[in-house]
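*Asks:* The chain contents come next:
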Amino acid sequence: MSPTWAGLAQVGLLLLALAVVYKPLGDYMARVFTSARHLRLEKAVYRVGRVDPDSEQHWKTYAASVLAFSFVSVVLLYLIQRLQHLLPFDFGRTASPGVAFNTAISFVTNTNWQSYVPETTMGHAVQMLGLTVQNFVSAAVGLAVAMALVRGFVRAKTDRLGNFWVDLTRGTVRVLLPLAFVFAIVLIALGVVQSLKSGVDVTNPDGSVSRIALAPAASQEAIKELGTNGGGIFNANSAHPFENPSSWTNLIEIFLLTVIPVCLTRTFGVLVGNKRQGTVLLTVMGVLWGGMLTVIWWAESHPNGPLALLAGGAMEGKEVRFGIAGSALFANATTSTSTGAVNSMHDSFSGLGGGGTLLNMMFGELSPGGVGSGLYSMLVVAIIAMFLAGLMVGRTPEYLGKKLGKREVTCAAVAILAMPTVLLLGTGAALLMPDTAGALNNPGAHGFSEVLYAYTSASNNNGSAFAGITVTNDWFQSTLGLCMAFGRFVPITAVLCLAGSLAVQRKVPETAGTLPTTGPLFATMLVGTVVLVAALTFIPALALGPIAEALA
Amino acid sequence: MTTTVTRTPEEETRRHVEHAGRVGAGVFSPGQLVSSLPGALRKLGPRHQARNPVMFVVWVGSLLATVLAIGDPGVFSIGTALWLWFTVLFASLAEAVAEGRGKAQAETLRRTKKDTVARRLRADGSQERVPGADLRIGDLVVVEAGDVIPGDGDVVEGIATVDESAITGESAPVIRESGGDRSAVTGGTTVLSDRIVVKISARPGESFVDRMIALVEGAQRQKTPNEIALTILLSTLTIIFLLAVVALQPMAAFAGSRQSVIVLTALLVCLIPTTIGALLSAIGIAGMDRLVQRNVLATSGRAVEAAGDVSTLLLDKTGTITFGNRRATELIPVGQSTVQDLARAARLSSLADGTPEGRSIVELCATEHGLPASPSEHERGGEFVEFSAQTRMSGVDLDGTSVRKGAASAVTAWAGQDVLPEVDEIVERISSEGGTPLVVAEGTVIRGVVRLSDVVKPGMRERFGELRAMGIRTVMITGDNPLTAKAIAGQAGVDDFLAEAKPEDKMALIKKEQEGGRLVAMTGDGTNDAPALAQADVGVAMNTGTMAAKEAGNMVDLDSNPTKLIEIVEIGKQLLITRGALTTFSIANDLAKYFAILPAMFAGIHPQLGRLDIMALHSPSSAILSAVIFNALIIVALIPLALRGVRYRPADARSLLRRNLLIYGLGGIVTPFVGIWLIDLLVRLIPGM
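From first to last, the protein sequence lines stand for chains W and H. Quick note on numbering that gives the first Met the number 0: the first sequence kicks off at 0 and runs consecutively. Quick note on numbering that gives the first Met the number 0: the second sequence kicks off at 0 and runs consecutively.
Pulled out of the complex, with its shape left as it was, chain W reads as follows (with noise of 0.2 Å):
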C-alpha cells in the first residue's frame, strides 16, 4: 500500500470509529447531565464535599465554583510538586519554583504545556496524585461550562444553571473515568508501558551502560488524548514509543483526542431538542478540520528540498513508523482538539505545515476542540455569526430562540477578545526581552514562528510545542503561565455570563422570519465567521512567519 493510500486508510478508519460511536456516546452523555438518579460513588463525594447535590447554582455561583476550585486546585499542585521528595517514587527529581508555577497552571486550565522533562523532573507519586488527576478534573471543568451554556439554551425563565459539582463529579465518574480505564487496558495490550519503576539500565554496544526511563504511561496516555490534555510522561510525548508504539496505537490515540468533543455536537443537538442543531455544527468542525489537515498533509508531502523529496516528504522531525500522513493527521488533531500532544516535531514542518498547525489554534480550538472548551467556543462564534446573520434578515438576531442583545453580545465578545489579547500582547512583549533572541534555535522567520507558536498554544489551552525555544527562564514560565490561565478562565466566566442572560429569557418561537440554524448556509456563515475573525486578528502575525516562509 503507498503511504498515501496508507494515509487515506487511516483517515477512513478515524471517521468511522467516530461515526460508530457518534449517537451511543452522544446520547449517554445528554443522559449523564440530565439524569435525576445519583450513583453511590458520587452521593459519596457530595457527603465529602457537603453538596447538596439536588440545588442548583446561578451562574454567578457556578462561575465562583469553577474559579474556586481551579485556584485550589493550582495551589495543590503546585505543593505537590514542590514537595514530591515526601511521596514515594519521587527518584529524587525535583521542580524548580518557576517550573512547578508554570505546571500548575498548564494542568489545571486543560493546556498541559510542559517547560520540564518529565523523566528527570516529575516522580510517579506527582504525575498520578497530581497531573493525572487535573488530567482528569480540568477536562471535566470543561463539560461542566459547556453544559451549562447548553442548559441556558434549553431553559427558560430561570436564573439556575446546574449544580457546577455534579457537572464536575459526573462527567468524571461517568464520562472520563470508564473510557479512560477500558482505554488504558487497551494501550497496555498494544504495548503501551505501564510501570511503576524508575527506568532500566541498557548496556550499549560500545559497553557503556544507558538508562531508560519507565513510567505508568498506558493510564496516563489514556486521559492524555481522552480529556483533551496532552501532557506527556516521557519528553518525547507520542513520539515515544512507550506511549504510542505502533500506528494502531497512534489511530486510538487520535481517535480518543476527537471523540468527546465530537460526540459532545449529538449530545448538544438532543439537548435542545433537535439533533440538526448538533449536526451542523459538527459540520462546521468537519469542514474546518477536514480542510486543515489537507493543507498540512499535501505542504508535509510536498517539501521544497531536494534530501526531502527523497524521502517522500519532509520526514525530519517525524517517526517513520507514523510516516508522513500519521503523523500530519496527528498534529492536525491534536492542534484542532485543545491536546497538544505531538508524535513529531512541529518545528521541523513545512512553512504552510507549520503555518497550518497554528492557524488551527487561532481559530480558537473549536474544530472539535477541547473537551467541552470546543463545543462552547464555536457556540460563542456561532452567537456572533447569528448576530450578523439576524441583522441581515432584518430581525434583532436571536440563536436558538433567545435574543442576542446587549449583555449576549457583550459576554461573547469578551469570550472571544480574551484569547488574541494574551496571545498578541505576551508574543510581542516576548521579542521585546533581549533574552529572547537567545532562547531561540533559529534566526528570522522560524525563530519567530517559534516564540508565536508558543504564546498561541498557551493562549488557546493546547500545550503543544513548537519546540526548538527554550521557555524555562522566569519571563517564559510566567507569562505562558499567566497566557494560559487568562486564555482559560476569561472565557469560561463570560461564557458562563452568557449561560445566564440566555437562560432568564424566554423562548421566541420559530417563524418564517427565523433564520434557520440547520442548513448548508448557517454552516457556511459559520465557517466564514471562524476563518474571517481569525485570518483578520492574525494575518499581520502570520505573515512575518509561516507566511513569509512558505512563500520562501
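Everything labelled a hint here was simulated from the structure, so no lab data went into it. Values in this document were obtained by computation on a predicted structure and should not be read as measured data. All residues carry an ideal CB built from backbone N, CA and C; glycine is no exception. Hints may contain errors.
[Claimed, not checked] Straight-line C-alpha distance at most 20 Å; calculated DMTMM-like pairs for lysine to aspartate or glutamate:
#1 H/LYS198 - H/GLU216
#2 H/LYS510 - W/GLU509
#3 W/LYS506 - H/GLU512
#4 W/LYS196 - W/GLU118
#5 W/LYS506 - H/GLU514
#6 H/LYS485 - H/ASP504
#7 W/LYS274 - W/ASP26
#8 H/LYS198 - H/GLU156
#9 H/LYS102 - H/GLU127
#10 H/LYS198 - H/GLU176
#11 H/LYS102 - H/GLU216
#12 H/LYS511 - H/ASP315
#13 H/LYS198 - H/ASP288
#14 W/LYS274 - W/ASP473
#15 H/LYS511 - W/GLU509
#16 H/LYS485 - H/GLU421
#17 W/LYS156 - H/GLU514
#18 H/LYS102 - H/GLU176
#19 W/LYS405 - H/GLU226
#20 H/LYS485 - H/ASP315
#21 W/LYS156 - H/GLU512
[To be verified] What follows is a list of derived Cβ distance ranges for each label pair:
#22 H/ARG610 - W/PRO204: 49 to 57 Å
#23 H/ASP494 - W/ASP26: 45 to 53 Å
#24 H/GLY204 - W/VAL530: 51 to 59 Å
#25 H/ARG610 - W/ILE187: 50 to 58 Å
#26 W/VAL530 - H/ILE685: 30 to 38 Å
#27 W/PRO23 - H/ARG50: 51 to 59 Å
#28 H/ASP494 - W/ARG39: 48 to 56 Å
#29 H/VAL260 - W/MET432: 15 to 23 Å
#30 H/VAL245 - W/VAL19: 43 to 51 Å
#31 W/ASN472 - H/ARG610: 30 to 38 Å
For this one, chain W is given, so just place chain H on it according to the hints.
*Replies:* Below, chain H without anything else, positioned relative to chain W:
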C-alpha cells in the same frame, strides 16, 4: 393662518406610490452633502467623537498622524494625515446629512407654533383672553371658525370641521366632535366652521407638535438596544485590531523592519470597521426619517426596531382589511317577485337613506338593473322612515305604498306575514357566508333579500401572503359573529381571526401572544384601544383617534391609514438589514486592505511577501495612501445607501441572508480590490509617491 407641510409634486407622487405598497427610497441629492458641511465640521470636537468608539480611534489616529506629519513633513505623511481627517469628517457628514433632513421638517412644523391667544372660559361662563403659552391642563377654551386651536385637548362641547393639514399634510378638513373617538384636537390646527369648547390636555411645550419637532430633529435620539449591541461588537473588533497593530511593531522590529507610527496608524484605521462605524447613527436617524416621510411618527427608535421583529399583526377588519362599509352585492327575489320588482322596492326604500349601505343599494340597482340613480321629483315627495334600534328597519311611505327594508324578523312582522322558509333559508345562507341579509317588503308582500357584504380591499390577500413568507402571522379583529368573521377571514387570507372581540379580548390576545415570546403590532384609535395599544410592542395610533390612544401607542399615523402597519414592519426590517449589510461589508473590506498594506510594509525585509501584492500597486507609500483614501471615500459613497436603506423585498429569512451575504459579503471582499487599484492609478501621479 396656518402653513401646510409643502411637498414637491414628485414627493407627492412618491408618497402615493408608497401607500400602494413597497418601502421605497428616500430622496438624496449630492447638494445635501455640501449644505451639511458646516454641521459636520461642528461635530469634529472630541466630546462628540467620543460617543462613537470606532470613530474616536480614527480621531485620535488623525491627531497623532498630524503631529507626526508636522514633525516630519513629506508627501506621504501629510497626505495620510489629511485623509485620516477626511475619514472623520465624512463620518460626521453622514450624520449631519441624516439630521439635516429631519431639521427641515422640524422647521416647517415650528412655523405652526405661533403665539396664539386663547379664549379661556371662567367658572362663571365668561371668557378671558390669555396667551396660549399660559394654558394649563384642564383649562376650557372656546375656539370658533377661523381660530387656531391653542393647544392639544379634547372637544367637550360642539362639533366643528378642522383643517389639520399643518400636521398631516392632508388638505381635506376633518370633523371633530365632543364624545366618542373623534374628540381629540391638536394645537396649531385651524377650526374652519362652527364653535367648539376644548379641554386642554397638554402643558405648553409638551404638546404633540413639540414632541414631533423633537422627534424629527433627533434631539431626543438615544441609541436603541440593537444599536448598542452592534456598537459593542464593533468596539470589540476595534480592540482586536488595535492589539494586532500594537503587537505588530515588536514583531516587525524583531524581523528587522521597524515601521513608522504613521504607517501603523494608517493600517489601524483601515482595519477597524470605520465604514459601519461612520454610518451607524445616520442609518438610525434615516430609519426614523423614512417613517416620518410616510407620515408616521415613532416616539422612539426602539419601536422602529421592534417593528422589524413583529411576528403577530393584529388588524381591525373594518377599514383595514375591508372597506369601511358594507356594500350591497346581490338581490335575491322570493315568491312571485322578479328581480326587477325587488330592485324597484329596494331602491325606493333606500332613496332617502343617507347611510353608505343605503347608497350602495341605490348604486347596485342603478348599475345592474338600469334604474335611475337619483330620485325623481315625485319620489322626493315620499316620507322617509328612519332606522331605529327599536324598529330595526327603514323605508319610505309614498302614495299609500310603504316599502321597508331591515332585519328579517322585523320586516316580516311589519308585513304581517309568517316567516317564509324560503326567506329563512336565504337569510341563513347569507349570514353564514359573512354577509348581512336585508329583507325588503312592499306592503304585505315580501319582495326578497338584499345581500350586504364586506368587500375586502384589493391586494390584501397578496399582502398577507408576503407577510406569511416573512414569518408574520396576521390576526383579524372584528365585532362580527364567528361565522361572518370566518368567511371574511377566508376571503382576505388572514391566518386567524378574533370574532365578537371586546377590548378585553384584544388585550388578552396580545398578552397570550407575548407570553409565547411573540412581538405584537396593532393599530387603534379609540380610547378603549388605549390599554391594548400600550401593551402591544408596536402600537400605532391613528391621528383621527383620541388623545388617550395617541398617548398609549408608540407610533402615530398622521394619515390614519391602518394598512400602513405593514409598511412600518418593512421599514423596521429594512433598518436592521442596512445595519447588518454595512457591517458585513465593512469587515469584508479588510481582506483587500491587508493585501495592499502588508506587502508594502514587509516586502523590504521578506521580498517573497511582495507576491501578495496582487493589485500590483505602484509603491509602498502609494499602496498605503490608496488604502486610506479608499477607506475614507467608501463612507461618502455609502451615505446614500445608509439614508435610503438597502433594498428590501419580503422574503423568507434564508433567501434574504443568501442575497445579502452575496451582495455585501462577497461584494465587500471584491470592491476594495478594484477601488484601491483605481485610486492607486491616480495616487502614483503625485510626485514623491
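*Asks:* For each hint, tell me whether it holds in the structure or not.
*Replies:* We went through each hint and held it up to the structure:
1. For the given pair, H/LYS198 sits about 29 Å from H/GLU216 by alpha-carbon distance, which is inconsistent with the 20 Å threshold.
2. The suggested pairing of H/LYS510 with W/GLU509 holds, with an alpha-carbon distance near 18 Å, which does not exceed 20 Å.
3. A threshold of 20 Å between alpha carbons decides the hint, and for W/LYS506 with H/GLU512 the separation of about 12 Å falls inside it, so the pair holds.
4. In summary, the hint linking W/LYS196 to W/GLU118 is supported, as the alpha carbons are separated by about 12 Å, within the 20 Å threshold.
5. Between W/LYS506 and H/GLU514 the alpha-carbon distance is near 9 Å, which keeps this suggested pair within the 20 Å criterion.
6. Our distance criterion of 20 Å between C-alpha atoms is met by H/LYS485 and H/ASP504, whose separation comes to about 17 Å.
7. A C-alpha spacing of about 10 Å is found between W/LYS274 and W/ASP26, which places the hinted pair at or below 20 Å, so the restraint holds.
8. Distance check on the hinted pair: H/LYS198 and H/GLU156 sit about 9 Å apart at the alpha-carbon level, within 20 Å; holds.
9. With a C-alpha separation of about 36 Å, the suggested pair H/LYS102 and H/GLU127 falls outside the 20 Å cut-off, and the hint is violated.
10. For the hint pairing H/LYS198 with H/GLU176, the CA-to-CA distance comes to about 12 Å; that is within 20 Å, so the pair holds.
11. For the hint linking H/LYS102 to H/GLU216, the alpha-carbon distance of about 5 Å falls within 20 Å, and the restraint holds.
12. Using a Cα cut-off of 20 Å, the hinted pair H/LYS511 and H/ASP315 holds, with the two alpha carbons roughly 18 Å apart.
13. Between the alpha carbons of H/LYS198 and H/ASP288 the distance comes to roughly 32 Å, so the proposed pair goes past 20 Å and is violated.
14. Straight-line distance between C-alpha atoms of W/LYS274 and W/ASP473 comes to about 48 Å, which puts the hinted pair past the 20 Å bound.
15. Our distance criterion of 20 Å between C-alpha atoms is met by H/LYS511 and W/GLU509, whose separation comes to about 16 Å.
16. A hinted pair counts as satisfied when its Cα atoms are at most 20 Å apart, and H/LYS485 with H/GLU421 does not qualify at roughly 24 Å.
17. Restraint check for W/LYS156 and H/GLU514: satisfied, since their Cα atoms lie roughly 11 Å apart, inside the 20 Å limit.
18. Under the criterion of a C-alpha separation no larger than 20 Å, the hint pairing H/LYS102 with H/GLU176 is inconsistent with the structure, at around 33 Å.
19. Between the alpha carbons of W/LYS405 and H/GLU226 the distance comes to roughly 9 Å, so the proposed pair stays at or under 20 Å and holds.
20. A distance of roughly 14 Å separates the Cα atoms of H/LYS485 and H/ASP315; the hinted pair therefore holds under the 20 Å criterion.
21. For the proposed pair W/LYS156 and H/GLU512, the alpha carbon gap of about 16 Å is at most 20 Å, so the pair holds.
22. The supplied range of 49 to 57 Å is met by H/ARG610 and W/PRO204, whose beta-carbon atoms lie about 51 Å from each other.
23. The hinted range of 45 to 53 Å is not satisfied by H/ASP494 and W/ASP26, whose Cβ atoms lie roughly 37 Å apart.
24. Range check, H/GLY204 to W/VAL530: about 56 Å between beta-carbon atoms, so the 51 to 59 Å window is met.
25. Restraint check, H/ARG610 to W/ILE187: a C-beta distance of roughly 51 Å satisfies the suggested window 50 to 58 Å.
26. The hint said 30 to 38 Å for the Cβ distance between W/VAL530 and H/ILE685, and at roughly 36 Å that hint holds.
27. The beta-carbon spacing between W/PRO23 and H/ARG50, approximately 55 Å, falls within the hinted interval of 51 to 59 Å.
28. At roughly 55 Å, the beta carbons of H/ASP494 and W/ARG39 sit within the given window of 48 to 56 Å.
29. One distance hint, 15 to 23 Å for the beta-carbon pair H/VAL260 and W/MET432, holds here, with the actual separation near 22 Å.
30. For the pair H/VAL245 and W/VAL19, the beta carbons lie near 48 Å from each other, so the given range of 43 to 51 Å is met.
31. The given range of 30 to 38 Å is respected by W/ASN472 and H/ARG610, whose C-beta atoms sit roughly 37 Å from each other.
Figure legend: structure checked against the earlier numbered hints; hints not met, in rising order: 1, 9, 13, 14, 16, 18 and 23.
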